[in-house]
Amino acid sequence: MKTGMKQSKTLVIGLTGNSGSGKSCVSEILLNAGAKIIDADKIAHAVLAAEGAAYNEVVNLFGGGILTENGEIDRAKIAAIVFSDKQMLKKHTEITHKHIIKEVLRLLSEYKKSGAQIVVIDAPLLTEAGLHKNCDYVWLVSASYETKLKRIIKRDSLLKEAAEKRLASGSAEASLKPASDFVIENNGGFEELEETVMRELKRITENSL
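Quick note on this note's numbering: the sequence shown kicks off at 992 and runs consecutively.
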C-alpha cells in the first residue's frame, strides 16, 4: 500500500494474480459494484493492434512469421514463443510494458478527474510494472496450482504441458505477497468469491472514503 494515499478522493485498488487465479472474476464483481476498471490485458491487445503503439517494435523482435494474412499480430504465435523462451518473454515485456503503463496512468488520471470513487487497476504484472505504487490497496488473487492449471486448460483449450509452461512463466505468488494488502483465496465457487470480495471492499471503503 502506498503511504499517504488514503485521503485521496478516488480509492485505487490494484488487482493482480497468476493466470488461472480467477482475477477476471474478481474484476467482474468489482465492476458490478460500481468500480471503474482499467484492464491491462485489454490495453495489451490494443497496443499490439496494427495501429497500436507497440506493433512495429514487436514485429521487429519476432519477425513477420507472427503476422496473419491480414497483417495482424497473431497473439497465439507469440504466446507459443514467449512461454517457452524466457529471454523472448523478457524482451516482449520490455517493449509492451512502457506503452501499457502509459495508457493505464492516462486512464487513471481521467477517472480521478471525473470524480470516480473506486478505480481498479487489473494487471497480472502490477508490481513488476511498478503500478502498485499508484494504488491505495493491492489485492492478490490466489489459487492452488492444480486449480489454476485446470482453469487455464479449460479457458484456453490448452494441453496440460502448454498450460504448465504458461504458469511457469508467471511470477511466483510468494514474490507478489509482500506488496499485497489482501490475499483472496479463490479455490471455491463464485458465490464464495463474491462474498469475500464484497466484504473486503466494504471494509476498505468505510475506512478510506
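Each hint should be verified, as a subset may be incorrect.
Below, computed lysine to aspartate or glutamate pairings styled on EDC-like, alpha-carbon distance capped at 20 Å [said to hold, decoys possible]:
id, residue 1, residue 2
1, Lys1081, Asp1065
2, Lys1089, Glu1048
3, Lys1193, Glu1182
4, Lys1077, Glu1063
5, Lys1027, Glu1185
6, Lys1104, Glu1119
For the record, the hints were derived by calculation from the structure and aren't laboratory data. It should be emphasised that the depicted structure is a prediction, and the values quoted were computed from it without experimental measurement.
Against the earlier hints, flag every one the structure doesn't satisfy and list their numbers going up. 4, 6
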